[in-house]
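Visitor: Kindly generate the complete structure, drawing on both the sequences and the hints.
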Amino acid sequence: MKLRLFLALAGAFYGMTTHAGEVVVAVAANFSAPMQKIAKAFEQDTGHKPQLVIGATGKFYAQIKNGAPFAVLLAADHETPERLEKEGWAVAGTRFTYAIGRLVLWSKQPNLVDDKGDVLRSSRFEKLAIADPKLAPYGAAAMEVMQRMGVQAQAGSKLVLGDSIGQAYQFVSTENAQLGFVALSQISIDGRLTPGSAWVVPQSLHTPLKQDAVLLHAGKDNAAAQALLKYLQSEAAKTVIRSYGYAL
Numbered sequence: 000m001k002l003r004l005f006l007a008l009a010g011a012f013y014g015m016t017t018h019a020g021e022v023v024v025a026v027a028a029n030f031s032a033p034m035q036k037i038a039k040a041f042e043q044d045t046g047h048k049p050q051l052v053i054g055a056t057g058k059f060y061a062q063i064k065n066g067a068p069f070a071v072l073l074a075a076d077h078e079t080p081e082r083l084e085k086e087g088w089a090v091a092g093t094r095f096t097y098a099i100g101r102l103v104l105w106s107k108q109p110n111l112v113d114d115k116g117d118v119l120r121s122s123r124f125e126k127l128a129i130a131d132p133k134l135a136p137y138g139a140a141a142m143e144v145m146q147r148m149g150v151q152a153q154a155g156s157k158l159v160l161g162d163s164i165g166q167a168y169q170f171v172s173t174e175n176a177q178l179g180f181v182a183l184s185q186i187s188i189d190g191r192l193t194p195g196s197a198w199v200v201p202q203s204l205h206t207p208l209k210q211d212a213v214l215l216h217a218g219k220d221n222a223a224a225q226a227l228l229k230y231l232q233s234e235a236a237k238t239v240i241r242s243y244g245y246a247l
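Heads up: the sequence shown begins at 0 in numbering that gives the first Met the number 0, then just goes up one per residue.
What the hints contain is simulated information worked out from the structure, not anything from laboratory work. Note that the structure is predicted; figures quoted are calculated from it, not measured. Hints are supplied without guarantee of correctness; some may be wrong.
[What the hints assert, rightly or not] No more than 25 angstroms apart at the CA atoms, straight line, and that leaves these computed lysine to aspartate or glutamate pairs for DMTMM-like:
1. Lys229 with Glu42
2. Lys39 with Glu174
3. Lys229 with Glu86
4. Lys115 with Glu174
5. Lys237 with Glu174
6. Lys115 with Glu86
7. Lys39 with Glu234
8. Lys157 with Glu125
9. Lys64 with Glu42
10. Lys209 with Asp162
11. Lys219 with Asp131
12. Lys64 with Glu21
13. Lys58 with Asp131
14. Lys36 with Asp162
15. Lys157 with Glu143
Guide: See below:
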C-alpha cells in the first residue's frame with residue numbers, strides 16, 4: 000500500500016515537473032523589486048521558472064531586434080512594446096498595461112527636497128541623477144518635468160546620466176549625486192518611503208508612465224511565457240504591484 004502511494008505521488012510530481020518550463024523575461028529596471036517577488040510566487044504556484052534580466056527599455060528594444068532570446072518584455076513605457084508589435088517582433092494581441100509608474104525627486108539627505116521640487120531652482124546641490132532619456136522612459140519623463148518647470152537650463156548643467164533608472168537610483172543611494180529622479184517603486188514599499196526627503200512628481204507634469212507587457216516572438220510557443228503574462232494580471236500580482244506605489 001505504501002509503495003503504491005509512493006509511486007502515485009512520484010508519478011504526479013514527475014508529471015508536474017515535465018510540464019514546467021523556463022521563461023526569459025526582460026524587465027524594466029524600475030520594476031525590478033516587485034517583479035522579483037512576483038517571479039518567486041509565480042514559480043511556487045506554477046512550477047515554471049522565470050529568468051529575469053533587468054535593464055533599460057531602450058537597450059532591450061535594440062537587443063530584441065538583434066535576436067536576444069527574451070520571451071517576454073515588461074517595458075517602462077507603452078510605445079516600445081507597441082513598436083515591437085508593429086515591426087513584427089512581438090505577438091499581436093498580447094500587449095497590455097501591467098502598471099502605471101510614478102516619478103519621484105529623491106535625496107538621502109533629510110530636508111533637501113521640498114514638497115514642490117523647488118530645490119531644482121536652488122544652488123543646494125551639485126549633481127542631479129536621472130536615467131538616460133534616450134534609453135529610459137523615466138529619464139524622458141524627468142526631462143519633461145524640468146522643461147515644464149522651466150529649470151532645464153539651470154538644473155541640466157548638473158545632470159549625471161545613468162544607463163537605466165536603476166543606475167540613477169544607485170547614484171543617489173550612494174550619494175554620488177545629492178538628489179535624482181527615480182521611480183517611486185524604488186523608494187517605497189507598502190506606502191512607507193525610504194529615509195531621506197522626496198517629492199512625488201504630479202503626473203500632470205509629464206506624460207503618463209504607462210508600462211506595457213508583451214509576448215515576444217521568441218516566446219510565442221512557450222507555455223511558461225504565456226502563463227507568466229496571465230499571472231501578471233492576477234489579483235496576487237496586482238497586490239504586489241500596488242504595494243510598490245504603482246497604479247493599475
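Visitor: If a hint holds in the structure, say so; if it doesn't, say that too.
Guide: A quick look at each hint next to the structure:
Restraint check for lysine 229 and glutamate 42: the C-alpha separation of about 13 angstroms stays at or below 25 angstroms, so the hint holds. Annotation: proposed proximity of lysine 39 to glutamate 174 is violated, straight-line Cα distance about 31 angstroms (limit 25 angstroms). A threshold of 25 angstroms between alpha carbons decides the hint, and for lysine 229 with glutamate 86 the separation of about 24 angstroms falls inside it, so the pair holds. Distance hint between lysine 115 and glutamate 174 is fulfilled; the C-alpha atoms sit about 22 angstroms from each other, no more than 25 angstroms.
For the suggested pair lysine 237 and glutamate 174, the alpha carbons sit about 32 angstroms apart, so the restraint of at most 25 angstroms is broken. Taking the CA atoms of lysine 115 and glutamate 86, the gap is about 41 angstroms. The hint is violated against a cut of 25 angstroms. Between lysine 39 and glutamate 234 the alpha-carbon distance is near 15 angstroms, which keeps this suggested pair within the 25 angstroms criterion. Between lysine 157 and glutamate 125, the direct Cα distance comes to roughly 6 angstroms. Compliance with the 25 angstroms bound is thereby established for this hinted pair.
Between lysine 64 and glutamate 42 the CA atoms are separated by roughly 28 angstroms; this puts the pair beyond 25 angstroms, and the hint is violated. Taking the CA atoms of lysine 209 and aspartate 162, the gap is about 20 angstroms. The hint holds against a cut of 25 angstroms. This hinted pair does not check out: lysine 219 and aspartate 131 have alpha carbons roughly 31 angstroms apart, beyond 25 angstroms. Between the alpha carbons of lysine 64 and glutamate 21 the distance comes to roughly 21 angstroms, so the proposed pair stays at or under 25 angstroms and holds.
Using a Cα cut-off of 25 angstroms, the hinted pair lysine 58 and aspartate 131 holds, with the two alpha carbons roughly 11 angstroms apart. The hinted pair formed by lysine 36 and aspartate 162 meets the criterion: a straight-line CA distance of about 24 angstroms does not exceed 25 angstroms. Restraint check for lysine 157 and glutamate 143: satisfied, since their Cα atoms lie roughly 16 angstroms apart, inside the 25 angstroms limit.
Checked against the numbered hints given earlier, the structure breaks hints 2, 5, 6, 9, 11 and satisfies all the rest.
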